[in-house]
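2 protein chains.
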Amino acid sequence: MYYINSLDRLINQLTRLPGIGERSARRLAFYILKQPQQEAARLVDAIKTVKERVKRCSICNNFSEEDPCPICRDEKRNRSVICVVEEPQDVFLFERIREYQGLYHVLGGAISPLKGINPESLNINSLLKRVENGGVKEVILATDPDTEGEATAIYLFKLLQSLRVKVSRLAHGLPAGGDLEFADEITLTHALRGRKEMEEEWEI
Amino acid sequence: MYYINSLDRLINQLTRLPGIGERSARRLAFYILKQPQQEAARLVDAIKTVKERVKRCSICNNFSEEDPCPICRDEKRNRSVICVVEEPQDVFLFERIREYQGLYHVLGGAISPLKGINPESLNINSLLKRVENGGVKEVILATDPDTEGEATAIYLFKLLQSLRVKVSRLAHGLPAGGDLEFADEITLTHALRGRKEMEEEWEI
Numbered sequence: 001m002y003y004i005n006s007l008d009r010l011i012n013q014l015t016r017l018p019g020i021g022e023r024s025a026r027r028l029a030f031y032i033l034k035q036p037q038q039e040a041a042r043l044v045d046a047i048k049t050v051k052e053r054v055k056r057c058s059i060c061n062n063f064s065e066e067d068p069c070p071i072c073r074d075e076k077r078n079r080s081v082i083c084v085v086e087e088p089q090d091v092f093l094f095e096r097i098r099e100y101q102g103l104y105h106v107l108g109g110a111i112s113p114l115k116g117i118n119p120e121s122l123n124i125n126s127l128l129k130r131v132e133n134g135g136v137k138e139v140i141l142a143t144d145p146d147t148e149g150e151a152t153a154i155y156l157f158k159l160l161q162s163l164r165v166k167v168s169r170l171a172h173g174l175p176a177g178g179d180l181e182f183a184d185e186i187t188l189t190h191a192l193r194g195r196k197e198m199e200e201e202w203e204i
Numbered sequence: 001m002y003y004i005n006s007l008d009r010l011i012n013q014l015t016r017l018p019g020i021g022e023r024s025a026r027r028l029a030f031y032i033l034k035q036p037q038q039e040a041a042r043l044v045d046a047i048k049t050v051k052e053r054v055k056r057c058s059i060c061n062n063f064s065e066e067d068p069c070p071i072c073r074d075e076k077r078n079r080s081v082i083c084v085v086e087e088p089q090d091v092f093l094f095e096r097i098r099e100y101q102g103l104y105h106v107l108g109g110a111i112s113p114l115k116g117i118n119p120e121s122l123n124i125n126s127l128l129k130r131v132e133n134g135g136v137k138e139v140i141l142a143t144d145p146d147t148e149g150e151a152t153a154i155y156l157f158k159l160l161q162s163l164r165v166k167v168s169r170l171a172h173g174l175p176a177g178g179d180l181e182f183a184d185e186i187t188l189t190h191a192l193r194g195r196k197e198m199e200e201e202w203e204i
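Chains as they are written, first to last, in the numbering used here: chain A, 1 to 204; chain B, 1 to 204.
Isolated chain A (complex conformation) (with noise of 0.2 Å):
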């Protein structure tokens, strides 16, 4: 059988990233040996950098190559609202957006008994000392709509409801540019409990 050692390791290890079967491990496998050493090499250092660099906030928890992040230390941010999240990744979409001016914390995941992951395993302590130091008024729970995601807001809302603060969860609805067939029941559902009022001056 053909076979070499080095590009079955690395075919190997592509396998281990997320959506990378064996066919793309390949592909991508064979795609590095021809690319010239320069391109390769830079694919290597950007990997090895990003290692480097990239540390989590000690406020928010999120992805950062400085601590505080540039988020927790930018003056002009709305310092009294807090998106939580489970993901960094999650922090780039609300940004993509530029809607939002508040800060973020990032939990670290969401609670999943099956997956065993229990609150203690995620950031939620940082959350509550960070509601208790003062000056937060509105804590936004962006945690994903799946069931996991659902359970992660409820527990959260129950540790929040005595800090009082303000606790608001992302609108669930049909998502825009779709198509009313192709919404599940869940879905619709609550596009039709959220439904509101149209007036003169209705956003699109």
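Where hints are given, some of them may not hold.
Since copy identity is lost for identical chains, a pair holds within one copy or between any two.
Restricting the straight-line Cα-Cα distance to at most 30 Å, the calculated cross-link-like pairs of lysine-lysine (BS3-like) are [claimed, not checked]:
hint, residue 1, residue 2
1, 115, 55
2, 34, 48
3, 129, 115
4, 51, 34
5, 196, 48
6, 34, 129
7, 34, 55
8, 34, 115
9, 166, 48
10, 51, 196
Think of the hints as simulated: they come from the structure by calculation, not from any bench.
Fit chain B to the supplied structure of chain A, relying on the hints for placement.
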């Protein structure tokens, strides 16, 4: 805007890989960030090692850690047959079916005036030399069954004709497990023209 320099650079490098869009690149980059250092180091090392160790075989032009490659060196293989393929990964596909016992020759692509690939940019001279050196009875042209692969096969056939060697081309026809309904017209034409009489010991 939320922006981490080194993360952005990694995402950028990853999007240069085939089949990796911006979204996949972001997912991969965040995954790499979350990996233990050791695991990311393994990926980096696998890329570096493959680039250091894997070269081209000076006989068949296939990727190999040794020169000549293990296939060209293997005395058990049938040295009178050469299977000509476009890329090194094609050798992998043939070896996997464990059906072929001859040698290979990797062209490094197919003739494509549109992509600026002319016969001079392919490893054609070295193939002719191998045949001229004698001992080769058959050359199997296993270039892709697309326009460029067909053109390359015809080009090679003309060159090889004068060298008094048998030249064959992979059979065209219906793919296994397929449905007649999904066969394109050219494939169906090939399948009809290449039809074979069934015998007692018909092999599937």
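Do the hints match the structure? See the list:
Taking the shortest Cα distances, residue 115 and residue 55 sit within 30 Å of each other inside one copy (25 Å), while across copies they are farther apart (44 Å). In this assembly of identical chains, residue 34 and residue 48 lie within 30 Å of each other by CA distance both inside one copy and across copies; the values are 21 Å within and 13 Å between. With identical chains, the CA atoms of residue 129 and residue 115 are at most 30 Å apart within one copy only, with a shortest distance of 26 Å there and 61 Å across copies. In this assembly of identical chains, the alpha carbons of residue 51 and residue 34 lie at most 30 Å apart whether taken from the same copy (25 Å) or from different copies (9 Å).
Taking identical chains as interchangeable, the C-alpha atoms of residue 196 and residue 48 are never at most 30 Å apart, the minima being 50 Å within one chain and 57 Å between chains. When the C-alpha separation of residue 34 and residue 129 is checked against a cutoff of 30 Å, the pair qualifies only between copies, where the shortest distance is 25 Å, while the shortest distance within a copy is 52 Å. Taking the shortest Cα distances, residue 34 and residue 55 sit within 30 Å of each other only across copies (10 Å), while inside one copy they are farther apart (33 Å). In this assembly of identical chains, residue 34 and residue 115 lie within 30 Å of each other by CA distance solely across copies; the values are 17 Å between and 40 Å within a copy.
When the C-alpha separation of residue 166 and residue 48 is checked against a cutoff of 30 Å, the pair qualifies neither within a copy, at 42 Å, nor between copies, at 52 Å. Taking CA atoms no more than 30 Å apart as the test, residue 51 paired with residue 196 passes in neither setting, with 46 Å inside one copy and 59 Å between copies.
Checked against the numbered hints given earlier, the structure breaks hints 5, 9 and 10 and satisfies all the rest.
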